[in-house]
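Given the structure of chain A, go ahead and fit chains B and C onto it with the hints provided.
Here are the chains, one letter per residue:
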Amino acid sequence: MSKEVNSESVSLCPLNTAAAPEQELLCIFGTGDLGRSLGQRLLQCGYRVVYGSRRPHSCGPLPPGTQAVSHGAATQSANLIFVCIHRQNYDFLQTLAPQLNGKVLVDVSNNLKKNLYPEANAEYLQRLIPGAHVVKGFNTLSAWALQNGPSDSNRQVYLCGNMAEAKQAVTETATKLGFTVVDRGSLSAARELEDFPLQLFPEWRLPLRLAVGLTAAFFFYLIIRDIVYAYVVQGKDVSFRIMVSLANKVFPIVSLIMLSLCYLPGVIAAFLQLYRGTKYKRFPDWLDRWMLCRKQLGLLALAFASLHAMYTLIIPIRYYVRHRISEITISQIRENITYKFDTTMAWRTDSYYSVGILGFGLYILLGISSLPSVSNVLSWREFSFIQSKLGYLTLFFCTFHTYLYGWSMFLKPSYYKWYTPPAYMLSLVVPSVVLVLKLLLLLPCVDRTLTRIRQGWEKTDPENDSKKSLLT
Amino acid sequence: MSKEVNSESVSLCPLNTAAAPEQELLCIFGTGDLGRSLGQRLLQCGYRVVYGSRRPHSCGPLPPGTQAVSHGAATQSANLIFVCIHRQNYDFLQTLAPQLNGKVLVDVSNNLKKNLYPEANAEYLQRLIPGAHVVKGFNTLSAWALQNGPSDSNRQVYLCGNMAEAKQAVTETATKLGFTVVDRGSLSAARELEDFPLQLFPEWRLPLRLAVGLTAAFFFYLIIRDIVYAYVVQGKDVSFRIMVSLANKVFPIVSLIMLSLCYLPGVIAAFLQLYRGTKYKRFPDWLDRWMLCRKQLGLLALAFASLHAMYTLIIPIRYYVRHRISEITISQIRENITYKFDTTMAWRTDSYYSVGILGFGLYILLGISSLPSVSNVLSWREFSFIQSKLGYLTLFFCTFHTYLYGWSMFLKPSYYKWYTPPAYMLSLVVPSVVLVLKLLLLLPCVDRTLTRIRQGWEKTDPENDSKKSLLT
Amino acid sequence: MSKEVNSESVSLCPLNTAAAPEQELLCIFGTGDLGRSLGQRLLQCGYRVVYGSRRPHSCGPLPPGTQAVSHGAATQSANLIFVCIHRQNYDFLQTLAPQLNGKVLVDVSNNLKKNLYPEANAEYLQRLIPGAHVVKGFNTLSAWALQNGPSDSNRQVYLCGNMAEAKQAVTETATKLGFTVVDRGSLSAARELEDFPLQLFPEWRLPLRLAVGLTAAFFFYLIIRDIVYAYVVQGKDVSFRIMVSLANKVFPIVSLIMLSLCYLPGVIAAFLQLYRGTKYKRFPDWLDRWMLCRKQLGLLALAFASLHAMYTLIIPIRYYVRHRISEITISQIRENITYKFDTTMAWRTDSYYSVGILGFGLYILLGISSLPSVSNVLSWREFSFIQSKLGYLTLFFCTFHTYLYGWSMFLKPSYYKWYTPPAYMLSLVVPSVVLVLKLLLLLPCVDRTLTRIRQGWEKTDPENDSKKSLLT
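Chains as they are written, first to last, in the UniProt record's numbering: chain A, 1 to 472; chain B, 1 to 472; chain C, 1 to 472.
It should be emphasised that the hints constitute simulated quantities derived from the structure, not laboratory data.
Treat the hints with caution; some may be incorrect.
The list cannot tell twin chains apart, which means a pair is met if one copy fits it or any two copies do.
What the hints assert, rightly or not - Computed list of lysine to aspartate or glutamate pairs in DMTMM-like fashion (alpha-carbon distance at most 25 Å, straight line):
{"hint": "1", "residue 1": "K295", "residue 2": "D152"}
{"hint": "2", "residue 1": "K114", "residue 2": "E382"}
{"hint": "3", "residue 1": "K295", "residue 2": "E382"}
{"hint": "4", "residue 1": "K236", "residue 2": "D342"}
{"hint": "5", "residue 1": "K103", "residue 2": "E172"}
{"hint": "6", "residue 1": "K113", "residue 2": "D33"}
Treat the numbers as computed from the prediction; the structure is a model and nothing was measured.
Isolated chain A, as found in the complex (with noise of 0.2 Å):
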């Protein structure tokens, strides 16, 4: 790839020529501290680095062992030349479009916002430099690992570009300076690569905004019919059980609820398709991005449910708890009762706890399998056996645990202060609705024609049809 370099550059550095005369001489297209960073690295790495300024003589420090020349001179010593400037300073590049014909251009540059542009940097500087071949890469990095090289999630050096070639050559360099390439394909990546650097948890906004709005709301509820209540009827200060006993109500709420909307939009898809006699439909637009979002949902009800089982396993060692077990003891003496031992009472709560506990070991290993290095192992019969199946019986053994924790409280109205509900009750309603549908998905007829459906069959709808006959 070296190739005569004009003398300009080779009186850059005539002792490493001497001493290892293959070291290639890589240009770079701006002084600004992009350009100098990634000028550092390819040094480091055995690279001769000459840049390209507008003015060569007045651009501040460089790293040392290179040198500034004016762009025309850089660009006939290089075969692969970086574009480190500003896409709003690509213009006059048109006017070194005859020396810039069948050379590698790398155009790293990012954008401060989502379209901004009509169109991508790197397809702008293509349009611009018809004769080069553009490459777009190493945007995706910071530039902290422009200048260190590689870290944790600066590791892999998204590329893409119309002409194989020059991909090649971007290749070799990146992996010589440490990083692992992925090819994305030809120039119309290029957005896609430009707007990655900008995004911060895309997928996760929605079922964040979920999450916090249901805890807010169900905090709000609780605080309302635990601690207000408490106060106004019965005259008590019962607020220190914010932060331990509400929270741990909260949690496991949102936790089931999260897991339950995890399912809804797939049992929704399956009554559409049925109802619609095709797969061929697309899915509105609300429930497509919902079933995009199942993964999010499901990570975070598993967050929940963890802070649910840290919150319920301190319940013994909290103050308030020792005080209140050793007040029932005391007075237990005092008075001179004695609880008898309910064995229905120990079944109830024994296989609450067992089914809870079973529940949330299934939800692990659900968020395991959602481990990127995991389900890329998997086959996607694997990877469904475990979300779908796994997924369902996890549903119905947390609704199941909320079932046995609620018990014969439904029944009993004291339970309802001031005519609300205790908030676990409402955490039923979806997940109940939820299992009641994949129930009625799972009878034979029902799950023969989606089977059907799904595997290309469609419902002949018999005026459509005798229209179609009458066009063709």
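Structure of chains B and C alone, referenced to chain A:
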């Protein structure tokens, strides 16, 4: 790659061709569900698609913008052809052999069962049309992923084929569809790829069966010893203990046995190598199979250990336990007894818990290092350090934890109800054997011989040796 | 790739050649353990293998179906040669240089120690035979994996070499053996590949030593303050507290200190950049090293925090705790005292637990996002959001948790046994400092300057500036 296209297919999308002349035309054989799903996705990603069909005029609804023509006509217009038809219909393709010469055929087919045919579908296709370049691929994706692009377990497209250029062409298309390509080598790997979507945790089957079997056996044993015995001999109904107390006896037992079974085959193999004096003789089949499922054994053991941890931690919030503790306190007061604090007891129980927690912590470390993405970044020296050294330490901690639990129970006859030993004693047999055998292997003289054998040294059998020298 | 093969090697497997004429013949130099293992695997995967040996007739048992011939004869028959001999024997290969011209040599060798030789084995080999295409590879696999194919930490084959075609040929073979190939660039990366199998958690050493040191120091401190003090001053033997109570004091202390040490270098670096007014000066070496092990510090801190959580959760099932609680209840009755419920106490302890749990939850989130497969799918903006923003939040929660634990103990002289402060107070020093410094950095004026510096701006030193203008 785009070629001159015959008039029939050019007329398909005159608008597109004008706007973006480089849009590639791909061909799909077969208008079934698979073909239609794939076609839809290809259209979305900017390809033009033509279908090849035996009945082009009555093949049902196709994605808008595509058209079905005869196989021959479709073949002429494209270089890359997706074969989305069932294997039993492949033979008619033989008649197209001359037209398919030099084309890339992507075999997307799957079978309903393993070993249905003597050769892989793709190899069969290659045999039918020797002049074409058959590439196996896309078959590991679900129909959903083929239609909607990558999702969790559908990010990777596995390819295999004999011709690098053909694979490269398919790679580019797959990349454009958003998938990551994994090259699995030559067409001889096709069988493996075709079996992949059919598998449902094959390597988990044996360990799972073992876990279920052990769990059932110990549950039965404990029900008889704990529940039935109490009912028959003492006339007490303690059946509620099934849900938590019994479960929390079964889980640690199964976990410990499974963990030791995970290290037993390694020890057996070492002794076998010592006995044989060589590492070049194959192990018996059962040992090979056993060694291959050690990871699964270990992970299941970890799952059981986690359940044990959860079940242990909820002990103090159980109704039964609270009742029992309060009962004891009350009886202490009523009968005016004071239980003196027993320092030995405090030492023993605290050590018991502490060793258990440390063992569990190591257990989880072993589990984390088994995650594919973690074990991939470890060198094998690091991996074997964790899995072997830390693994034996884990086994030692867990076994010691169980011995501390037993303590003096071994000697008290009252624990041998109906002459059966407590279940935890049974669980100690295998781990104790494994640990003793491992200790033997660590003896300097044994260890030295074993290391030499594993480095390729072979015990020279004098008899054998003399025979050899006669022969050569 | 298959070539005309000389008569000697053709005769090796006449049967195979007839059946499948395309079976490639590979050559292995060296009949030691490595060569035999590799040969066995190559045979299994459908290659033919010929060994090159200095003593072809007395080189010990070889895999059945292979044969050893002289190096020269072996060279002629194959294009791809695996060099499975020790580096110290490389020099004799020089005599084969003419025959090895144009062949692909795969250097599989490893050294026993790092930096044993001035240049990498593969580079030495390339220097000996300049006409051959040396590819370094397969050396990161264990002998077991070479013989039996991929397993956990042996899925990836790292390759490097100067010639793309040679690497491609080796890639194909590696893929056929079932491995995934990772290209590490040119032969200059060989040293790195040769060091890889020798490493044993190099980047964990410093953090591990620190963790062990801190643990030992605090254990010692606590034994004196808690155990020895109680024995000497109060005459009580509370040595049993070592197993759980003391451990549960040491673990959170070490965890908090390690977590804060994980954020301290970043804060120091920021102040250094502010002071220097540039980001282009190198940090001192100790700071660089410290920053590189932040991830390991954080993960160890998480491990200690998890142990703390487990030790806390088993508190209520401890014999000592149960005994103590029952003792208190009994004394309350016997002496007819009633402890009144203290709402402030309830608020404090519940907040203490709640903040601790939330902090631990965030801790685990940080841990999960450190998994390679998770951090790979995050953009660096997302990753730094989690690791920096959420990281400081975690540190704040954990520090606050510790302050809540301390509460009013700071002021009570009785807690300063032998004039030493309680251990948890010592643990608060570093985190408090880090949090205060971070707060300073968040002040708008400081933050603005720092941001500018990090975007490449440099403080212009007036003196320096004038000098510069004189020079240019």
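*When the hints from earlier in the document are held up against this structure, which numbers fail?*
none
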